[in-house]
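Undergrad: Assembling the complex is the task here: the two chains are given apart, and the hints tell you how they should meet.
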Amino acid sequence: MRERLAGVKLDVELCGIPLKTPLLPASGTLAKEALGEVEGVYGAMLPKTTTPAPRAGNPPPRVAETPAGMVNSIGLQNPGVDRFLEELDALDLGIPVFVSVAGDTVEDFGALCEKVCADERVAAIELNLSCPNVECGGLTFCAGSASVEEVVAVCRVAAPGKPLLAKLTFEGVVENARAAQAAGADALTVMNTIPALTVDARRRDVLVRGGLSGPAIKPVALRAVYDVFGAVGIPVVGSGGVASGVDVAEFMLAGATAVQVGTATFVRDPREILDEFADYLYQLGLDAAELTGGLQDKMGS
Amino acid sequence: MKFHCVPVEERKELGNYTLISYRWRGPVEPGQFVMARAAGYPVTLDPFLARPFSFYDHDGETASLLFEVRGRGTALLERADRIEVSAPLGRGFWIEPSAEKAALLGGGVGVAPLKILRRRLIEFGVRYDVFLGFADAPTAGVAPEFPGAGVATMDGSVGTRGTVLDAVPDLEGYGTVYACGPTPMLAAVKRAADEEVLCQLSVEERMGCGNGSCNGCVVPLRGGGYVRSCVEGPVFRAETLAW
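So the protein sequences, as listed, match chains W and D.
Following this note's numbering, the numbering of the first sequence begins with 1 at its first residue and continues without gaps.
Following this note's numbering, the numbering of the second sequence begins with 1 at its first residue and continues without gaps.
For reference, chain D alone in the conformation it holds in the complex (with noise of 0.2 Å):
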């Protein structure tokens, strides 16, 4: 796997959340992911992996990540002041062009490929909503970059007390749902989706390589067998996940 070194130009705290930017030309469509870690080879030995990371915002020039300090490789992340990216990577989510209203869910950190969605929707003429949940107030302190969104926070704290659903008014009422967050939530989405609705669900999973060689990151499919969220995901629709 091919790494970029580049340096962070940006640093911020979105509540609990981080969110880094670092100069980068490439294509990127919403949903698609990078492998990233701080630099500094043989360094990053312990730890080992890179980690996929959503691509948060993007404008032709600059990329940025938004994540939750969980363990020593985002901690290193935070920290650093070069980090190596391999990126784009993946499969993202695809948009049809449509009249009817799209409802964007996003859970925790999940929220991150949520805005260069929202951006594409715009151009796209397709009007949406945006959700988010999260567990608590400083988790929750991301949503004030999606002005509009309904929120809801486990505690309570911020919005409505649920999870993100219970902020949807009537999930059933959209022509499209768009949603990434944990596996609890998604398969709560795809359950309480309309069948008939096209719903495209975004995974979290653990990750070796990111480019399709371990097969470490597999979900299971309706029907048996697994396939690779960092090759034939990370989204995928719906209906062809098992849970």
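Pulled out of the complex, with its shape left as it was, chain W reads as follows (with noise of 0.2 Å):
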């Protein structure tokens, strides 16, 4: 199969950068210990979420399987942005990177922004605007479009010229992804995990608390891609219970322009669904640049 395919153009451009594949893998589901197994795979690198200080993460247990699925509540386990940095080099394939950032507030990010931006080796920052801001009471900077165009727009004086993806969780998406659009941001990450909870019925206690992800969320996720490239003029980077080369095929033809594959390449070799997606070019005679928003539906929401 392989011959065949490496004919195949693969490539696609995002934000002005070129990406050998529309495949991203979604942050926090790569560890270093994993690059032997993804070379050629993935159109630019995106490590787990790096935060200001370090953080230790939940107590477990943090993992729960669901059917087609899993609930996780990890905490962003992280060293803390300038080990973080320091390390970077580890996670080089020779492929843009793409680095995560989350704060306790809008202050945070902004400080995030600016130190990450100064370093060359950062192609783009994806902001996890799905973790609590704690100067509101908790809530995520997704729980109001006001919110997510404040810490926006502060992350993007605070990284000028450097492409900034907001990462959204599926609740108020549409209006969200407008206010991050008119906020500066360059491009859009729908979706993060959808809430969820996993109960152990014999200890009558909660499992886990935490974010559900893998295929069960994928026509939540398809819907909010589909709706939100419908909503706003720039770049939508689909995420959400993608497992084969179909799926990034629907999420491309729903209006993404790249990818991001997590918890199925914990059961699947992300290189297969790599050449499955290929193969389906191959088929249609298709170059991957020319599937966004392509659907022959142009109904929209």
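Read the hints as simulated data drawn from the structure, not as lab findings.
Just so you know, these numbers come straight off a predicted model, no measurement behind them.
Below are the DMTMM-like pairs computed for lysine to aspartate or glutamate, each with C-alpha atoms no more than 25 Å apart in a straight line:
(1) W:K9 <-> W:E272
(2) D:K2 <-> W:E39
(3) W:K162 <-> W:E150
(4) D:K2 <-> W:E276
(5) W:K9 <-> W:D92
(6) W:K9 <-> W:D287
(7) W:K20 <-> W:E276
(8) W:K20 <-> W:D275
(9) D:K2 <-> W:D275
(10) W:K162 <-> W:E114
(11) D:K2 <-> W:E272
(12) D:K101 <-> D:D57
(13) W:K162 <-> W:D92
(14) W:K20 <-> W:D186
(15) D:K12 <-> D:E145
(16) D:K2 <-> W:E3
(17) W:K115 <-> W:D104
(18) D:K2 <-> W:D269
(19) W:K32 <-> D:E232
(20) D:K2 <-> W:D279
(21) D:K2 <-> W:E33
(22) D:K2 <-> W:E37
(23) W:K20 <-> W:D287
(24) W:K20 <-> W:D92
(25) D:K2 <-> W:D11
(26) W:K32 <-> D:E29
(27) W:K115 <-> W:E149
(28) D:K2 <-> W:D92
(29) D:K12 <-> D:D81
(30) W:K32 <-> D:E205
TA: Next comes the structure, spelled out in structure tokens:
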């Protein structure tokens, strides 16, 4: 199969950055220990979210399986931005590096963006807006379009000239997408995990209260990408339950310029997903870059 | 995560546990593990994740896994003609050649890694005793696989009544302690072992990916913070863990 797929054009462009394939690892789903398996698969590297100070993360249990997915509550475990940047070369795959950032406050986000923007190795910044805003009683930065607009505007000023992607949750996604665009975001990642709960009935206790990911959320994420694509004029990066090459195509047809894969890579070789996508393009005689927004149905939302 | 599809060569019931074997030529260190599931994506979307299992046995040609059917994933694995495996994973037991005797403690299905470990100790000329703890007679059905082992059951139906520690006459008399089992057992072993003794614990944690990516399988460290059991473990020196 490899030979006949060699001529398939997989490259796309996102915010002026050429990507050899439209696939990115979703933030927090690819560790340096697993890099050996993914050479040539991704168009850009996207490591786990970094925060101003180190975070130990949440106590276990942190993951619970659900049908076609899993619920996680990791708690942004990371060594803090300074050590993150010191260790960034270990994640070098010879492809552009996008960095995901999160803070407790708008000010945190601004300071992080300034620091990350100054690093020449960083091609783009993804704002993880699903984390709690401590100044708003722990509601996430995605809890309202005013909050999205405020934090993106501050990051825009802090990271001049660096492509900014705002990663949004499902709730209020169209309004939040418009707000992020108005505040200067260059692209939108749609979407993050969906709030979910798993219960241990035997122990009569909560197992994991966190975010649902995996194929279970794919139709929800597709809807979000489709609606956002119809509402804004900036590129959309699709994310949520992508587990096959045809899934990648579906997200691009719904409006995505690039697509993140995450949870599915825990159970499949991501290279198979790319090969399936290339095979889809081969069979239809298409280039990856032609797919975005290519649905016949132009009804919109 | 890359999985390899292999046919199941043999299936055996050992009391309440199931033993499946398949051809596997890769290197295996005692205590290393396998992510495994019944073959057949996308049928395997439910259950979604593969499961971690310690290698039970390996002769260079054939590997085997020991497990208890607890849910859909293991029920499908028990019936599968073909399984998908990713291995070898994690850091296993490290062996310190010593004139002193080693104690090998297994709780429930946590007895699994002790078979390969025992063989490796023999290669290194280390003397050892094996102690096994189970809930009841059906789970103790695997005990005959460990000839000479001291056995305890919680209901007293086989061997000593009590936990695996009740089967050990004098834990402090051993130069090294190797243990695998549920967390309460490992915490009890850690408390019982002399602080001067090298005590290695193989933890049992829920896992998402098995390759370090998801940070789901962490254990708490003494002094704060968490560490991944799939990459930095599953075997840890007892004194490094918080519990």
